[in-house]
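Line by line, the protein sequences are chains A and B.
The first sequence begins at 1 in our numbering and counts up one residue at a time.
The second sequence begins at 1 in our numbering and counts up one residue at a time.
Hints listed in this document are in silico derivations from the structure and should not be mistaken for laboratory results.
Being a predicted model, the structure only gives us computed values, none of them experimental.
Be a bit skeptical, because a hint or two may be false.
Computed cross-link-like contacts, DSSO-like style, restricted to lysine-lysine with a CA-CA straight-line distance of at most 27 Å [what the hints assert, rightly or not]:
no., chain 1, residue 1, chain 2, residue 2
1, B, 656, A, 126
2, B, 165, B, 396
3, B, 714, A, 122
4, B, 649, A, 122
5, A, 126, B, 91
6, B, 91, B, 126
7, A, 122, B, 53
8, B, 452, A, 126
9, B, 661, A, 122
10, B, 67, B, 53
11, A, 153, B, 566
12, A, 148, B, 661
13, A, 122, B, 445
14, B, 113, A, 2
15, B, 714, B, 649
16, A, 56, B, 126
17, A, 153, B, 126
18, B, 165, B, 450
19, B, 452, A, 122
20, A, 56, A, 13
21, A, 148, B, 9
22, B, 450, B, 649
23, B, 396, B, 9
24, A, 126, B, 358
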Amino acid sequence: MKKEITVKINGEKRKIEVRPTEILLDVLRDTLGLKSPKCGCGRGDCGTCAVLLNGKSVKSCLVLAIEVDKQEVTTLEGLMNDGLLEVQEKMLEGNSFQCGFCAPGFVVMSHELLEENPKPTKEEIKEALSGNLCRCTGYTPILEAVEKTCGCKE
Amino acid sequence: MSDLKYVGKSVIRQDGLEKVTGAALYTDDLDFGPNLLYAAIVESPHANAEIVKINIKKAQEHEDVVKVITGDEFPYRFGLYMHDRYIFAQKRVRFVGEQVAAVIARTPAAALKGAQLVEVKYKVLKPILCVQDALGSDENFQIEKNNMIHPELSEYKHVPWFFPKENTNIAHFRKIRKGNIDDAFKKADYVFEDEYSVPRYAHCAIENHVAVGLFDYSKRLTLWTASQSPHTQRHLFAEALAPLGLTHKDIRVITPFVGGGFGGKAGVSMEILAAALATKVQGYPVKILWNRNQEFINTYQRQGVTAKIKVGVTKNGEITALEQLLYWDAGAYVEYGANVVNAAGLSATGPYRIPNLKIDSVCVYTNLPPGGPYRGFGYSEFLFGLESHFNEVAKKLNIDPVEFRLLNAIKEGDELSYGAKMNPNGLIEAIEKVKKEIQWGKEEKSEDPKTKVGKGFSLFWKAPAMPPNASSTCFLKFNEDASINLLISGMEIGQGYFTVMGQVAAEILQVPPSKIRCLSPDTDRNPYEWQTVASHITWSCGNAVARAAEDARDQIFEVVHRALGKNIVDLYLEDEEVKSKADSDFHLPLRDFVINGIGLKDGTFRGGPIVGRGMFMPEFSSALSDSETGQGGKPNVHYTVGAAACIVKVDIDTGKVQVPKMVLAVDAGKALNPDLVNGQITGGLLQGLATVLYEDMRFDKNGKLLNSNFTDYKIPTTMDIPDEIVPIIIENAQPDGPFGARGVGEHTMIPVAPMIGNAIEDAVGVRIKHMPITAEKICTALLAKKSK
């Protein structure tokens, strides 16, 4: 039943065997041991499982692993090859997270936003992060870290 | 205390780097190897039914199924304050979603399939889904035995401060009687009565509950859980599984980072299943991971409440009498939730000085999911009614609602509802500062004629609700480089507990917080902590850490004295060194001796590894009081108080509410880390805002929850936040707190619902008495008002 697929995971070409019904999130976590994407709802509501598929964010709980054959998947682990991203530095300095469970998803989404739009407005930041749920912080310190990264706020 | 170096500073979180990099591991991130088994639960589809027969044959025969377990194998009850919850349903189910059996399998899919193949035959009974039905029509609430949700109620073990009523659905009846209420109502210039209600809510931590149990071949039971309560879990597992011969020494609970708690991961709920099931598959770890639907239903829910409020006042606005009758929809099991009811009953006056009181706080069983602890622990619920009602009272007396609050606000030394005295607090200061920040009294006008602007105000208070002997402990150990590990057993659930514990130790030992790491609890290694609940950890465990640090400091001075002859009274710590007031040239780095001791000229050494120990228990607290009046005892250690206000904009056509500004002032005693206190304010305000504007649980007529997901139960996103939040920290030291600190974690969501309700009333002149205050309710009320 299993089928071999070839995926570029965090810059490294990997051949892995997946069942046709397997969810990308489960394969990332259980087969590949990449634990930063997490499951908060399993139906695309919370964004905690966000990863980049060919550079564009997807909710990995809504993607079948077999769909990513011959494509490129990047998780938070793959974004730190040159150390912390600037937005991570600002999140660290600003004590942006509390429980931290949602943090990987927010970092991935913030990174995608800033790559596409280095000078977003506050509304654009809110919009870009609106698919990610955080129950602890009230979002304000997360948004402020992104604003500081793009120089929109001191 | 102005010369503090680390306490009171907004240092970066100890766990910050782990969290922004995704390195932080939560329970479901741990690997348990190829032997890991998965359990799925067979859930009751009925709210009230007898279990006639369970057929497990088909499930057992399914591929990859290892074992099927039913209640026959675990006929045991458990609970924190009252033993009324079952590991598996016994003969009867009491809510939709209750665990009836479990299927353990090699894969999650096989476990799920197996669970579908378990056949359960039920005799369906009429469910009791509201408090009125559960209480019945008798004035003493007596009901027929077959209408009792727990016919064995009188046999249940419970804490001595609970008062269940026989032959009723009342698990606990908390009464407060003070002064002469009848006389006071007679003498009052005015008496105002009303009724308010608050529905059930879900915690919605983003991490779902998960537990892994391993009963190894040496008969040790280890649990890895996403929990706020490792030691309490060990204790409850030991109590529940005692018939299997397990005691505390046989059980170990390990708790990694927790992805949000808010009370939902306190005590023991689904984790009991992992503990029990593990004993049936010796040698294999078995995992139970709740999905979001189960997370909503089978952990704890915030209980609903109906409040009947009657207030007596003088024409000058002085409150002379209060009757608060609180009827709580506590659900099918109240082992934890009954204490929410108790806590609310003790404090249902709000932060007001009221001489004559009658309070009934009644814990009522229903066939809805178990109620339990939720950030605020009953205070958000009763304060919605009280603070809404006081606003109405002030309006009727033609007194400014803030002046009304200032007139009646409780002060240090005032008598509390149960007879003890109020602690030092900055309530008046909080009111004044919030009033100023929100520009109270200044009318805000909207340029859009379809939008009305209003302002709302609310006070808040809360005491830790805990047993009188809830304690905290700390072991503090130095490493060679004078870095420090704190072994403590509170949970870092996001609030910043590790960070502030580090700051407390840092201040006393003059070692920077960046060199201090706390270790997540493992009950085999870290010393005892009751639970991470009640906003008591900063205060209670902070005291334990301070004492451990002082103990370590004493050992350091003693060895320096013994090895080098320095006078202990002259010694002090600075910049990771021991220094002496008597000898300005003397400075001995801690790293030179805290592990290996101080070398003498003869080649011998003095000292050795420095290990501090600290403990704290509030020895002045007592939960014993008169059952009929609630007088006597000192059930609450202290209250944290504050005030909050907001501006709202209401669209009069759609009823949609926007919140341009929120302000909250809290008396933290001493903010050990102001940034983290501000984080609690920002987060708590939004969580509170969600309960009043967006969230509520909807059940169908059979007791099934209809909105157990984030599509239908809407928690706020980045698009729903207020434009501006102003946190204000007030510091009136808590005399017995570490550096004067007291807890603030729960408090910040407590005033939100009434202050929004008050602001909406101010804007459009309609009073919504039943939460949530939806656009639909506002619109309907506006239409009704117009048609009058």
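Status of the hints after comparison with the structure:
1. B/656 / A/126: OK: residue 656 of chain B and residue 126 of chain A at ~20 Å, within 27 Å.
2. B/165 / B/396: Status violated; Cα separation ~39 Å.
3. B/714 / A/122: holds, 23 Å
4. B/649 / A/122: OK: residue 649 of chain B and residue 122 of chain A at ~21 Å, within 27 Å.
5. A/126 / B/91: Since the Cα atoms of residue 126 of chain A and residue 91 of chain B sit roughly 51 Å apart, the hinted pair is violated (cutoff 27 Å).
6. B/91 / B/126: Within the cut-off at roughly 16 Å; holds.
7. A/122 / B/53: Violated: residue 122 of chain A and residue 53 of chain B sit about 59 Å apart, past 27 Å.
8. B/452 / A/126: holds, 25 Å
9. B/661 / A/122: holds, 17 Å
10. B/67 / B/53: Holds, at roughly 18 Å.
11. A/153 / B/566: violated, 53 Å
12. A/148 / B/661: Holds. Residue 148 of chain A to residue 661 of chain B sits at ~22 Å (cutoff 27 Å).
13. A/122 / B/445: Distance of about 25 Å is within 27 Å: holds.
14. B/113 / A/2: Answer holds: residue 113 of chain B to residue 2 of chain A is near 20 Å, not above 27 Å.
15. B/714 / B/649: holds, 21 Å
16. A/56 / B/126: Violated. Residue 56 of chain A to residue 126 of chain B sits at ~52 Å, over the 27 Å cutoff.
17. A/153 / B/126: This hinted pair is violated, its Cα atoms lying about 59 Å apart.
18. B/165 / B/450: Not satisfied, since the Cα-Cα distance of roughly 53 Å exceeds 27 Å.
19. B/452 / A/122: Measuring from Cα to Cα gives roughly 25 Å; hence the hint holds.
20. A/56 / A/13: holds, 18 Å
21. A/148 / B/9: holds, 21 Å
22. B/450 / B/649: holds, 10 Å
23. B/396 / B/9: violated, 46 Å
24. A/126 / B/358: Not OK: residue 126 of chain A and residue 358 of chain B at ~48 Å, beyond 27 Å, violated.
Of the numbered hints given earlier, the model fails hints 2, 5, 7, 11, 16, 17, 18, 23, 24; all others are met.
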